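Take the given structure of chain A and dock chain B to it, following the hints.
There are 2 protein chains.
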Amino acid sequence: MQGIKSRLVKNYAMSDYQTVRGMRDFLPEEMEKRTYVISVVKTVFQKYGFREMGTPAVESMKLLSSKGGGGEEIKKEVYCFKDQGGRELGLRFDLTVPTARVVAGKPDLPKPFKRFMVGRVWRYDRPGAGRYREFWQADVDVFGSKSVLADAECVAVVCETLDALGFKDYKVFVNNRKLLEGLALSCGIKNEDVSSVFRSIDKMDKIGKEGIAEELESKGIYDKSAKTLLKLISEESLSKIESKVKDTGKEGVEEVKSFLEYMALLGFKDKVEFQASLARGLDYYTGNVFEIAVSGGKLSVSGGGRYDQLVKNYGGPALPAVGISIGIERIIQLMEEQNMFSKTCRGLIYVAPVNSDARSKALEIVQKLRADGLIVEIDLMDRKLGKQFAYADSVGASKVVVVGPKDLEKGEVTLRDMETGKEEQVKLEKLAKKLEVA
Amino acid sequence: MQGIKSRLVKNYAMSDYQTVRGMRDFLPEEMEKRTYVISVVKTVFQKYGFREMGTPAVESMKLLSSKGGGGEEIKKEVYCFKDQGGRELGLRFDLTVPTARVVAGKPDLPKPFKRFMVGRVWRYDRPGAGRYREFWQADVDVFGSKSVLADAECVAVVCETLDALGFKDYKVFVNNRKLLEGLALSCGIKNEDVSSVFRSIDKMDKIGKEGIAEELESKGIYDKSAKTLLKLISEESLSKIESKVKDTGKEGVEEVKSFLEYMALLGFKDKVEFQASLARGLDYYTGNVFEIAVSGGKLSVSGGGRYDQLVKNYGGPALPAVGISIGIERIIQLMEEQNMFSKTCRGLIYVAPVNSDARSKALEIVQKLRADGLIVEIDLMDRKLGKQFAYADSVGASKVVVVGPKDLEKGEVTLRDMETGKEEQVKLEKLAKKLEVA
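Protein sequence lines correspond, in order, to chains A and B.
Just so we're aligned: 309 in the working numbering is position 317 of the first sequence, and the numbers increase by one with no gaps anywhere.
Just so we're aligned: 237 in the working numbering is position 245 of the second sequence, and the numbers increase by one with no gaps anywhere.
By construction, these hints were calculated from the structure, which means they are not laboratory data.
Everything numeric in this text was worked out from a predicted model, so none of it was measured.
Some hints here could point you the wrong way.
Identical copies carry no separate label here, and so any pair may be met within one copy or between two of them.
Calculated lysine-lysine pairs in the BS3-like style (CA-CA distance at most 25 Å, straight line) [claimed, not checked]:
no.	residue 1	residue 2
1	Lys419	Lys232
2	Lys238	Lys67
3	Lys54	Lys68
4	Lys163	Lys182
5	Lys103	Lys201
6	Lys376	Lys103
7	Lys391	Lys360
8	Lys59	Lys138
9	Lys54	Lys74
The shape of chain A in the complex, shown without the other chains:
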């Protein structure tokens, strides 16, 4: 009885302090995968000339709920609070809005301003498979260039990141807001319904043509115009659409064509596809919009587009801008599912003194190896040799250096390969070299 009771008490005590719902702890093994993905992302971003920038986790609610940002609706999704000074604050829900704030406030930044950010964002969303309340995003954006080459560079950098991570059959889908608007208007959709229609259209891959029809019906806007539009965007090619739009719609078509050409020049011709039903939910897009999906184009991992008005909305100059965001969580989840993380060896060397007399010499060896840049651990538990081997194995050591008085008399240590189990005597002065090569 005593045992059960104390166990209950203990469990109760433990449950007092839990990870906040929808958020996660990362123990070293998971953390190291995450760090690996983020470091690949950053390296490729840098190769394309993007530079890292940072903003605080906390922003004013005024910014977060501004028209250009999340709007009033976002308040339901944002962690918001007042600080002790009465300021209304919230945790950032994306990396674009804070960046637009910074760029608006620094009109003198040299243009183009090519920046990237990788960091946490927070949303009070219903937690579920792959959906968290704290998650990581990685964004690249170009501010100050209206060239479609900037659009293509943003997408190409994501393609190269996916290549580097080992994704094979991803697809880039592109469409254009001007094209869509032109098409909608030429079909006879009313100006005030355009946004609402786009939001429904955007769900094509989730609910299909029939689902969209139903949704438009329920909104009371599934008339003849909507039917025509829906037919066009689900069936027609870029050239067919080109023949049906005019004015800004034509501009949109040109931008898509230019994007496809640049993507070909950048080496991603086979990856890109025009998709007339791609709308992207957010209101702030003004030109090309894109989505990148892996597994033959089925699972979206990245999306973005051109947003030439956003910086102006934050009081900055009228500044053309284009950007794209990668969902780090989705990437990690897919890589897990598809066994894409190779068992990377940490290269850990474990130094095992056979008894306390050997400890001083062992420490000297440890520091010499570390000075050579090796990753080295030593026993901190005064354990016997057998238990030291078990621990070394549990933390993934590739080699164990056994330090004992008898070997030391000959100026030697015993080196054990943890994979093969083979042991050999190594002269102290040759140890570092031997381990570096291995």
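Here is chain B on its own, set in the frame of chain A:
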């Protein structure tokens, strides 16, 4: 008038969206310094066998204000809020409390559990020079080992980090809570006053002996015992103190001695000094405490100690633990002040097409160079050559590759060294090799 008015309006609009008070944006140049410091820190931590772990920014207020953590008082300093589900939450104010929560909840982690964390923490503090409401900490901790070698390894890893960053004349100060308690009790300080006395003593380097005396006076505990203690800790050596304490006090002395020996074995003998007045404010320390200060020991950049009770406070097993924290902000600030950031070259290559006809070929060159791992940018503004050079200079390009039709006819490009201004013709097939070597 028009001009002034619109400027006013614009400034007003800009001031609408400011960085939250006490928090900071990091433009690329600052961000890259920060990233450099953090990457050095992580590399050294890893060399000592510590592995990275992560926890959410958001924790329950129950945890943050728990006895083992910040206590009720901390509520004044924590950003706290309720989520839409009514949970009382707050932003983490350090990395130790969340880690203790994780370790308490995972009693099966192999021991010792050597983890590090580098991340943001938040405190609603009065902002000032070098004090921010969002700042970075880097922690290493060892859970499960009661060996003083674990204490020494935590301190040694910080010493080596400071070495790697280029700090020369830093000092490690060590003291011990048991020693201090033994000393206080043997001087006749009342049990219930010990904590309060320690908190005053800890301010020795800020307010001096006289300041401490005044503070103790105002607390009404500056009696004969306090005077004796104050004299002892400001004047006596470890061996003198050893002769004055008994029981747990003696244990404390032994732990300090053992720490000094291990630090010598780890190669940092000259850096370490016993300091009887070092107390460290936090209540949770139970053994050795340490502080590391640069500039001849005057500016503290790191501190920590042994805290064998903390994990148990969170419902975990009784687990010995020791850890140390580095203040990343202080480090960066001092490195700035002392010009310790070398002007690191990003290695940026800028590719400049002389006109739009050369753009396709230029893009092909860009992608080839990126495939070789180089950092490459291309004009996104349709600028003339002169303006492209000015931009390349502003973003720190080391080389510019000028791509023009005439050179291309000969299968060449013009390579300009941005530092010397020298130009040369380079065959296309030799370009990558030439740039890699440079």
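Verification of the supplied hints:
In this homomeric assembly, Lys419 and Lys232 never come within 25 Å of each other (Cα to Cα): the closest approach is 77 Å inside a single copy and 44 Å across copies. In this homomeric assembly, Lys238 and Lys67 never come within 25 Å of each other (Cα to Cα): the closest approach is 38 Å inside a single copy and 61 Å across copies. Taking the closest pair of Cα atoms, Lys54 and Lys68 come within 25 Å of each other both inside a single copy (14 Å) and across two copies (24 Å). In this assembly of identical chains, Lys163 and Lys182 lie within 25 Å of each other by CA distance neither inside one copy nor across copies; the values are 33 Å within and 73 Å between.
In this assembly of identical chains, the alpha carbons of Lys103 and Lys201 never lie at most 25 Å apart, being 42 Å within a copy and 57 Å across copies at closest. Only between protomers do Lys376 and Lys103 lie at most 25 Å apart by alpha-carbon distance; the minimum there is 14 Å, versus 63 Å within a single protomer. For a Cα distance limit of 25 Å, the shortest separation of Lys391 from Lys360 inside one copy, 16 Å, qualifies, whereas the shortest one across copies, 39 Å, does not. Only within a single protomer do Lys59 and Lys138 lie at most 25 Å apart by alpha-carbon distance; the minimum there is 23 Å, versus 56 Å between protomers.
For the homomeric pair Lys54 and Lys74, the shortest alpha-carbon distances inside one copy (12 Å) and between copies (19 Å) are both at most 25 Å.
In terms of the numbered hints stated before, the structure departs from hints 1, 2, 4 and 5, listed from lowest to highest.
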